[in-house]
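End of the sequence shown sits at 77 in numbering that gives the first Met the number 0; the numbers just go up one at a time, nothing left out.
Read the hints as simulated data drawn from the structure, not as lab findings. Don't take each hint at face value.
Ranges between beta-carbon positions, derived for each pair [to be verified]:
{"id": "1", "residue 1": "L48", "residue 2": "F5", "range": "14 to 20 Å"}
{"id": "2", "residue 1": "E30", "residue 2": "V6", "range": "55 to 61 Å"}
{"id": "3", "residue 1": "C52", "residue 2": "Q7", "range": "25 to 31 Å"}
{"id": "4", "residue 1": "C54", "residue 2": "E8", "range": "26 to 32 Å"}
{"id": "5", "residue 1": "L39", "residue 2": "E14", "range": "27 to 33 Å"}
Since we're looking at a predicted model, the values are computed, not measured. By construction, the Cβ of each residue, glycine as well, lies at the ideal position given by its N, Cα and C atoms.
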Amino acid sequence: MAAADFVQEMSMVGERLLLKLQRLPQAEPVEIVAFSVIVLFTATVLLLLLVACSCCCAHCCCPEQRGRKAQVRPVTPR
Numbered sequence: 000m001a002a003a004d005f006v007q008e009m010s011m012v013g014e015r016l017l018l019k020l021q022r023l024p025q026a027e028p029v030e031i032v033a034f035s036v037i038v039l040f041t042a043t044v045l046l047l048l049l050v051a052c053s054c055c056c057a058h059c060c061c062p063e064q065r066g067r068k069a070q071v072r073p074v075t076p077r
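Using the sequences and the accompanying hints, generate a full structural model.
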């Protein structure tokens with residue numbers, strides 16, 4: 000049941016977003032700016048999430064391979 004509720008909620012959010020986009024040309028400049036800020040914020044969060052997931056996946060799936068360690072010898076006095 001939870002999956003059906005989630006799908007229905009996403010559908011309602013999508014419909015409201017579409018309605019908002021259709022009314023945007025007649026909206027006041029303040030509403031246009033506010034809507035643009037919300038869209039920009041959402042896009043930024045999604046982009047940062049994508050970058051974080053790709054970095055995490057790169058470290059988990061492809062661990063860095065270290066080269067051979069060179070031994071350090073003490074310098075002999077002359």
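To see whether the hints hold, each was checked on the structure:
1. L48 <-> F5: 14 to 20 Å: About 19 Å separates the Cβ atoms of L48 and F5, which means 14 to 20 Å holds.
2. E30 <-> V6: 55 to 61 Å: 29 Å, violated
3. C52 <-> Q7: 25 to 31 Å: At roughly 27 Å between Cβ atoms, Q7 and C52 fall inside 25 to 31 Å, so the hint holds.
4. C54 <-> E8: 26 to 32 Å: Once the Cβ atoms are compared, 30 Å apart, the range 26 to 32 Å for E8 and C54 holds.
5. L39 <-> E14: 27 to 33 Å: For L39 and E14 the Cβ distance comes to about 22 Å; the hint is violated.
In this structure, the earlier hints numbered 2 and 5 are contradicted, and the remaining ones agree with it.
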